[in-house]
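From first to last, the protein sequence lines stand for chains A and B.
Mapping the first sequence onto our numbering, position 40 (from 1) lands on 40, and the numbers just tick up by one.
Mapping the second sequence onto our numbering, position 106 (from 1) lands on 106, and the numbers just tick up by one.
Please note: incorrect hints may appear among the correct ones.
[Stated by the list, open to error] DSSO-like, lysine-lysine: derived pairs with alpha carbons at most 27 Å apart:
{"no.": "1", "chain 1": "B", "residue 1": "Lys223", "chain 2": "B", "residue 2": "Lys251"}
{"no.": "2", "chain 1": "A", "residue 1": "Lys7", "chain 2": "B", "residue 2": "Lys7"}
{"no.": "3", "chain 1": "A", "residue 1": "Lys13", "chain 2": "B", "residue 2": "Lys213"}
{"no.": "4", "chain 1": "A", "residue 1": "Lys61", "chain 2": "B", "residue 2": "Lys13"}
[Unchecked claim] Examples of chain A residues lying across from chain B (beta carbon under 8 Å, computed):
{"no.": "5", "residue": "Tyr14"}
{"no.": "6", "residue": "Lys16"}
{"no.": "7", "residue": "Gly17"}
{"no.": "8", "residue": "Cys18"}
{"no.": "9", "residue": "Ile20"}
{"no.": "10", "residue": "Glu52"}
{"no.": "11", "residue": "Leu53"}
{"no.": "12", "residue": "Arg54"}
{"no.": "13", "residue": "Pro56"}
{"no.": "14", "residue": "Asp57"}
{"no.": "15", "residue": "Phe58"}
{"no.": "16", "residue": "Lys61"}
{"no.": "17", "residue": "Val62"}
{"no.": "18", "residue": "Glu65"}
Derived from the structure by calculation, the hints contain no laboratory data.
C-beta: ideal position from N, C-alpha, C; glycine also.
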Amino acid sequence: MEKKLPKIEIIEKYCKGCHICVEFCPTKVLEMQGFVAAVKNLEACIKCMQCELRCPDFAIKVITE
Amino acid sequence: MAFDYEKYIRPGKLPHIWCPGCGHGIVMKGLIRAMDSLKLDMAQTAIVSGIGCASRLPGYMDCCTLHTAHGRAAAFATGVKLAKPEMNVILVGGDGDGTAIGGNHFIHACRRNIDMTYIILNNKIYGMTGGQFSPTTPTGAKASTTPYGNPDPCFDIAKLAIGAGATFVARGTSFHANQIDKLIAEAIQHKGFSVVEIMDDCPTTYGRRNKFKSVIEMMNHLKEIAVPVKAAEKMTAEQLQGKVLTGVLYKDETKTEYTAEYAKVIERAKAAK
Ligand SMILES: Cc1ncc(C[n+]2csc(CCOP(=O)(O)OP(=O)(O)O)c2C)c(N)n1
Ligand code: SF4
Ligand code: SF4
Ligand code: SF4
Ligand SMILES: [Mg+2]
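Bound conformation, chain A alone (with noise of 0.2 Å):
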């Protein structure tokens, strides 16, 4: 079966450029791009959804289904 992906949105007006979501995502599917973070790698998402637990911000969401 193929593996499903996730829609990860990156809201850039909330982002303040932490690197949280980068450093703690256990794939390294996200990367920062200038001062704001920004989707690498998608497939090596899996969804543990860390990214979105601990973006102070409200700037990331994982979106599965």
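Let chain A serve as the given structure and place chain B with the ligands on it in line with the hints.
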């Protein structure tokens, strides 16, 4: 689906004012998930705070909110709860607000065992005013007012709460985000005065003075020092040196709750007429 936080936030209030990496936003998200899991009626829920960065939290929340005077959240919240015992009353504030200027109100709210939940965002510093030391600043740490190291011993907020009579005491950290909602939800459900201390990070006024290169280092530090209560039972005093216990630290369901006791006073007064 992603969790819809904005349903609980006043329209147009984001982005919030907190600095990049400030743990207060992580705690606010935990509180929202806790309120959502308990399906709290927003019209019957009051969030009360004093002054400080942490105390800005209620201003974002789309329920009944009171942003009061520095250190006085417990006094105002007690008024709300006594007038409307059916409401869910939640207090939010910082270590400075709650244990320095508001320390007196805090211990007496604990002593009364009034059915409210107090979430203390302990970043070990006065964040808002530029990093003066607070009663929870560790001995030896640097603050704007202790540039050569803090000589004071510090409060353990959880122990203080238990000693003063709170009947539910828990502790989490801003790193352990997925535990915050569970601790807060259990605290709200507890009938009596519940305290949830969150070991929080202030990269701006604490981190940079105390050799944390970034908020990531502060988060890793929280991860290192936190020990769940169950795991601590199997550890020696030596292994527990420098650690903080996390999880539900204390629970007593036998003590009378204050608004219930006060209702009896009202009955007695009516009968005496
Ligand atoms: C009566 C009074 N005294 C002093 C102040 C200045 N003041 C504002 S916030 C604050 C400390 C806040 O620290 P804390 O509660 O730990 O919150 P944080 O900013 O760290 O989240 C102080 C001393 C005030 N607003 N009112
Ligand atoms: S859900 Fe987990 S794996 Fe996916 S991007 Fe977020 S932290 Fe990384
Ligand atoms: S955790 Fe949030 S605010 Fe920080 S970089 Fe990631 S998306 Fe931006
Ligand atoms: S000064 Fe500290 S507590 Fe205040 S918003 Fe900035 S990081 Fe948070
Ligand atoms: Mg503080």
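Evaluation of the provided hints:
1. About 25 Å separates the Cα atoms of B/Lys223 and B/Lys251, which keeps this hinted pair within 27 Å; it holds.
2. Taking the CA atoms of A/Lys7 and B/Lys7, the gap is near 20 Å; set against the 27 Å cutoff, the hint holds.
3. Restraint check for A/Lys13 and B/Lys213: satisfied, since their Cα atoms lie roughly 25 Å apart, inside the 27 Å limit.
4. A threshold of 27 Å between alpha carbons decides the hint, and for A/Lys61 with B/Lys13 the separation of about 18 Å falls inside it, so the pair holds.
5. For A/Tyr14, the interface hint holds, the least distance from its beta-carbon to any beta-carbon of chain B being 5 Å, beneath 8 Å.
6. Taking 8 Å as the C-beta contact cut-off toward chain B, the hint placing A/Lys16 at the interface holds, the least distance being around 4 Å.
7. Annotation: A/Gly17 was flagged as interfacial toward chain B, and the flag holds, the nearest CB pair being 6 Å apart, inside 8 Å.
8. Look at A/Cys18: its Cβ gets to within about 4 Å of chain B, closer than 8 Å, so that hint holds up.
9. Proximity of A/Ile20 to chain B holds as hinted, the smallest CB-CB distance being about 6 Å (cut-off 8 Å).
10. The restraint placing A/Glu52 at the interface with chain B holds, with a minimum CB-CB distance near 7 Å, inside the 8 Å limit.
11. Given hint, A/Leu53 at the interface with chain B, holds; its Cβ is 4 Å from that chain's nearest Cβ, closer than 8 Å.
12. A hinted interface residue such as A/Arg54 counts as satisfied when its beta carbon comes closer than 8 Å to some beta carbon of chain B; here the least separation is about 5 Å, so the hint holds.
13. With its C-beta approaching chain B no nearer than about 3 Å, A/Pro56 sits inside the 8 Å limit, and its interface hint holds.
14. A hinted interface residue such as A/Asp57 counts as satisfied when its beta carbon comes closer than 8 Å to some beta carbon of chain B; here the least separation is about 6 Å, so the hint holds.
15. Below 8 Å, beta-carbon pairs count as interface contacts, and A/Phe58 has one with chain B at about 5 Å; its hint therefore holds.
16. The restraint placing A/Lys61 at the interface with chain B holds, with a minimum CB-CB distance near 4 Å, inside the 8 Å limit.
17. This hint holds: A/Val62 has a C-beta 6 Å from the nearest C-beta of chain B, less than the 8 Å allowed.
18. Below 8 Å, beta-carbon pairs count as interface contacts, and A/Glu65 has one with chain B at about 7 Å; its hint therefore holds.
Consistency with the previously given hints is maintained throughout, with no hint failing.
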